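Participant: Letter by letter, the chains look like this.
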Amino acid sequence: MALLTCQDLSLGYDGKEIVGDLSFEVNAGDYLCIVGENGSGKSTLMKTILGLNSPISGSITAGDGLKQTEIGYLPQQTEVQRDFPASVWEIVLSGCQNRQGMRPFYSRADKTLADENIEKLGLSQLKKRCYRELSGGQQQRVLLARALCATSKILLLDEPVSGLDPKVTAEMYELIERLNKESGTTIIMISHDIDAALRYADKILHIGKKIFFGPAREYTEAFDGFGAAKGGADI
Amino acid sequence: MNSFAEKLDYLSYPFVQYALIVGVLIALCSSLLGVTLVLKRFSFIGDGLSHVAFGAMAIAAVLNLTDDMPLVLIITVISAILLLRTGKNAKIKGDAAVAMISVGALAIGYLLMNLFSKSSNLSGDVCTTLFGSTSILTLKRTEVGICIALSAIVVMVFILFYNKIFAVTFDEDFASATGIKTGAYNLLIAVVVAVIIVLAMNLVGSLLISALVIFPALSAMRIFKSFRSVTVCSAVISVTCALAGILISVFAGTPVGSTIVAADIVAFACSALIGALKRGSGI
Ligand SMILES: Nc1ncnc2c1ncn2[C@@H]1O[C@H](COP(=O)(O)OP(=O)(O)OP(=O)(O)O)[C@@H](O)[C@H]1O
Ligand SMILES: [Mg+2]
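From first to last, the protein sequence lines are chains A and B.
Letter by letter, the first sequence follows residues -15 to 219 of our numbering.
Letter by letter, the second sequence follows residues 3 to 285 of our numbering.
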């Protein structure tokens, strides 16, 4: 059974539809890229999958015994208060919260995991720093480290490379690729970088006026140059 | 110049000691959740709830209850839960709902007091409930006991749920996306806030509670950058200011509540200065 099955989804806010007729499946170990123009409803879809929004109609079913606490999420922007006092360490560690149940404090294993992920994303120097004083790209990496603490099963990433410099962008793609291929983490990623999407992802979901869901290699044919025309452009 | 030695003697009176114990505990509790309230933009809920507590006190007075604490506590906790609910469904926008309830409760409370109060000094009574009173100096043993018990519960809950409160405060979307029961923790926060407010009513009165909740957190946020250090620092500032405020008010005969809040304002000014110096020297 698929990890996630979305059937005839219609998404929107306050009963006003933004995308309709959306059906697709995500299997364990998949690398799915969601593409589409600004405002086409990609983030909305992700939030609906996460249960933060409710769909207007249709259903999302989790399979393979996937529990809500086994999901990692990197939001597009967090509306973190400008004046929120929190250190990088505190934020990354908070990713382990979903495994705590009623345990009040973090275990040694949680702290080790947080340390590993901080290391993995090259944040060791910034561990004690205050989150709000970091650059946008650094903040993005902190939030990804937090998401990695939350899960090794399925990661939902909303534009993980926006605002990162080319070097870190490439590293980020490598890292996500490794998580997917080596650790078997299922990836659902929203991206405007169609070239990278075609290179790394197994499957593409395009939402907008035209909806496409299928293997990455069929995407360019289906869109007949659409991808090429907008490819790589940071829209 | 006999006065100072004489006044130092005050400290050996039980009622002054009670006031100090209660004051310190209330200051500690109210500062703990201050950071969360400020950051979640819940400051107004604190304000609204304190007005509800005022209304509840008026009702208790009308009913001629000798011990108004339980009734006030229940009404305030229920309102806290309701306010949180409306915040979520947002048919009436969150802050508008809070404003409605808060002003409504204030008006009804005053109205009830006016209609039914047998007291000859009505405006004095109202002033007392709004701005706190010397009643902190007339605490009875049982009241001190209740206060100690409630404070202990609040502190325990805060410590046990510290990490969860952080997760829910910092990023509620992430928390609920990863399966944390944010609704339940928000409820917990609301209930604890309600308890703190009812406690703090005794100390500073309903109009000044927000100051007690918010000032220490804002002061600490000037100086420190991590959640833990801000929390610890605001607790220290709050307790220090409460001690200073109560002692000054005993010696100088000023109103307790406003003196404490004045001390908090001074602490805020100092913290802002320290923060600016720290940033200036690039630390
Ligand atoms: N909270 C909200 N309430 C009402 N409408 C919303 C809300 N959030 C987004 N929308 C609308 O839903 C549509 C889709 O938004 P969404 O954020 O899903 O787009 P997106 O595909 O992620 O775009 P982008 O590429 O810019 O991130 C937009 O037209 C937006 O105006
Ligand atoms: Mg988006």
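Watch out, some of these pointers could steer you wrong.
With a straight-line Cα cutoff of 30 Å, these simulated BS3-like cross-link-like pairs (lysine-lysine) come out [stated by the list, open to error]:
(1) K183/B with K193/A
(2) K227/B with K111/A
(3) K51/A with K137/A
(4) K137/A with K183/B
(5) K142/B with K104/A
(6) K51/A with K280/B
(7) K151/A with K95/A
(8) K165/A with K104/A
(9) K111/A with K142/B
(10) K280/B with K42/B
(11) K183/B with K51/A
(12) K227/B with K51/A
(13) K142/B with K95/A
(14) K142/B with K112/A
(15) K112/A with K183/B
Read the hints as simulated data drawn from the structure, not as lab findings.
Keep in mind it's a predicted model, so treat the numbers as computed, not measured.
Participant: Hints first: check each against the structure and report whether it holds.
Facilitator: Cross-check of the supplied hints:
no.: 1; hint: K183/B with K193/A; in the structure: violated (36 Å)
no.: 2; hint: K227/B with K111/A; in the structure: holds (12 Å)
no.: 3; hint: K51/A with K137/A; in the structure: holds (10 Å)
no.: 4; hint: K137/A with K183/B; in the structure: holds (20 Å)
no.: 5; hint: K142/B with K104/A; in the structure: violated (59 Å)
no.: 6; hint: K51/A with K280/B; in the structure: violated (46 Å)
no.: 7; hint: K151/A with K95/A; in the structure: holds (28 Å)
no.: 8; hint: K165/A with K104/A; in the structure: holds (16 Å)
no.: 9; hint: K111/A with K142/B; in the structure: violated (50 Å)
no.: 10; hint: K280/B with K42/B; in the structure: holds (26 Å)
no.: 11; hint: K183/B with K51/A; in the structure: holds (13 Å)
no.: 12; hint: K227/B with K51/A; in the structure: violated (34 Å)
no.: 13; hint: K142/B with K95/A; in the structure: violated (47 Å)
no.: 14; hint: K142/B with K112/A; in the structure: violated (47 Å)
no.: 15; hint: K112/A with K183/B; in the structure: holds (28 Å)
Of the numbered hints listed earlier, those contradicted by the structure are 1, 5, 6, 9, 12, 13, 14.
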